[in-house]
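A.B. asks: Given these sequences and hints, build the entire structure.
The sequence shown begins at 637 in this note's numbering and counts up by one.
It should be emphasised that the hints constitute simulated quantities derived from the structure, not laboratory data. Glycine residues also receive a C-beta, built at the ideal position from the N, C-alpha and C atoms. Hints may be right or wrong, so weigh each one.
Simulated restraints, written as ranges between beta carbons of each label pair [claimed, not checked]: (1) 724 to 798: 24 to 32 angstroms; (2) 644 to 773: 36 to 44 angstroms; (3) 800 to 944: 17 to 25 angstroms; (4) 944 to 822: 53 to 61 angstroms; (5) 664 to 752: 42 to 50 angstroms; (6) 773 to 800: 42 to 50 angstroms; (7) 708 to 927: 45 to 53 angstroms; (8) 857 to 638: 27 to 35 angstroms; (9) 926 to 776: 47 to 55 angstroms; (10) 663 to 757: 40 to 48 angstroms; (11) 705 to 746: 17 to 25 angstroms; (12) 857 to 757: 49 to 57 angstroms.
Derived DSSO-like pairs (lysine-lysine); straight-line CA-CA distance at most 27 angstroms [unchecked claim]: (13) 792 to 764; (14) 899 to 690; (15) 764 to 791.
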Amino acid sequence: MLVDELREITRVPGISGYEEKVREKIAEWVEPYADYTVDTIGNLLVELGEGELKGIFMAHMDEIGLLVTGIRPDGKLTFRKIGGIDDRLLYGRHLDVITESGRLDGVIGALPVHLNLERKFDTVPWSKLAIDIGAESREEAEELGVKVLDYAVFKKHFAVLNGRYVSTRSLDDRFGVVALVEAIKDLVDHDLDGRFIFAFTVQEEIGLKGARFLAERYTPRYAFAVDSFACCGELTGNVRPGGGAVIRAVDNSAIYTRRLARKVAEIASRNEIPLQIGVTGGGTDASVFQGKSEVLALSVPIRYLHSEVETLHLGDLEALIKLIEAIAFEL
637 MLVDELREIT RVPGISGYEE KVREKIAEWV EPYADYTVDT IGNLLVELGE
687 GELKGIFMAH MDEIGLLVTG IRPDGKLTFR KIGGIDDRLL YGRHLDVITE
737 SGRLDGVIGA LPVHLNLERK FDTVPWSKLA IDIGAESREE AEELGVKVLD
787 YAVFKKHFAV LNGRYVSTRS LDDRFGVVAL VEAIKDLVDH DLDGRFIFAF
837 TVQEEIGLKG ARFLAERYTP RYAFAVDSFA CCGELTGNVR PGGGAVIRAV
887 DNSAIYTRRL ARKVAEIASR NEIPLQIGVT GGGTDASVFQ GKSEVLALSV
937 PIRYLHSEVE TLHLGDLEAL IKLIEAIAFE L
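C.D. replies: Below, the structure written as structure tokens:
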């Protein structure tokens with residue numbers, strides 16, 4: 637079932653600021669189980685329990701992608717990157733161009749080796765590239781429905797590797813979306829000691845905007861981000877896919893609350909949930925609650941983060957879902 641949910645949600649396009657299709661899918665999943673609201677910035681919120689606001693769990697809906705900035709006279713589209721994309725990953729790629737009227741196939745071309753007379757193979761910067769949708773003029777591109785401020789995402793290919801890994805674009809952070817939805821489904825009929833908010837946030841990839849909006853309005857005792865743990869390299873130590881969920885203890889945005897990390901580790905131990913603790917780069921929604929709440933990032937290891945082949949171990953995701961539920965019961 638997790639594989640089917642991951643396949644369904646990762647295929648939905650939605651870069652930062654353009655999350656409506658993802659939000660619609662989440663609402664469809666949540667509606668049979670719990671009421672939800674959408675705030676003015678676009679976060680989707682589910683509240684469970686009553687009384688004091690004990691905790692907030694956040695997973696972001698948005699993904700990295702490209703924003704169309706113009707249409708050239710030759711019909712090709714100029715763009716800018718939204719979120720952290722390595723320029724090496726753009727060259728020679730298939731894209732889905734998302735317009736108001738639907739989806740178009742697009743490609744970013746590559747100079748054939750046959751024509752590379754200087755034999756230079758340096759990375760081509762994004763600003764020198766364009767999206768080809770098969771139009772031969774600006775007018776033809778406009779007739780196809782393309783406008784400035786439409787967007788594009790990498791064309792999604794979904795793979796299950798050796799029966800235990802899933803690899804596709806936008807696992808960051810659609811696996812977190814799946815984890816929160818599964819936790820809501822399991823917790824909705826149970827009595828919780830206090831009130832918990834499950835928040836599906838917007839615009840994380842461009843500065844944690846949805847979470848900042850929440851931090852201005854809520855003061856939970858605990859704030860958790862459910863987001864990726866970029867793995868595996870010199871920075872990340874012994875954390876590995878297949879080793880369980882991860883406490884993301886330190887990253888570029890925060891040194892998370894050590895006392896809360898210890899509490900969560902004890903909860904995992906009591907419930908026999910495999911858990912790893914590690915350090916990585918990047919930042920999470922939880923960091924914006926520092927100073928008003930105890931904060932922590934909960935994760936699974938993701939190989940090849942921010943690429944077309946982001947990869948996670950299904951057993952780690954199962955452990956993360958159990959951990960979220962145990963935290964809501966026991967904190």
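A.B. asks: Work down the list of hints and note, for each, if the structure agrees.
C.D. replies: Results of checking the hints against the structure:
no. : hint                           : in the structure
1   : 724 to 798: 24 to 32 angstroms : holds (27 angstroms)
2   : 644 to 773: 36 to 44 angstroms : holds (37 angstroms)
3   : 800 to 944: 17 to 25 angstroms : holds (20 angstroms)
4   : 944 to 822: 53 to 61 angstroms : violated (32 angstroms)
5   : 664 to 752: 42 to 50 angstroms : holds (48 angstroms)
6   : 773 to 800: 42 to 50 angstroms : holds (49 angstroms)
7   : 708 to 927: 45 to 53 angstroms : holds (47 angstroms)
8   : 857 to 638: 27 to 35 angstroms : holds (30 angstroms)
9   : 926 to 776: 47 to 55 angstroms : holds (51 angstroms)
10  : 663 to 757: 40 to 48 angstroms : holds (46 angstroms)
11  : 705 to 746: 17 to 25 angstroms : holds (21 angstroms)
12  : 857 to 757: 49 to 57 angstroms : holds (54 angstroms)
13  : 792 to 764                     : holds (24 angstroms)
14  : 899 to 690                     : holds (14 angstroms)
15  : 764 to 791                     : holds (21 angstroms)
In this structure, the one hint that does not hold is number 4.
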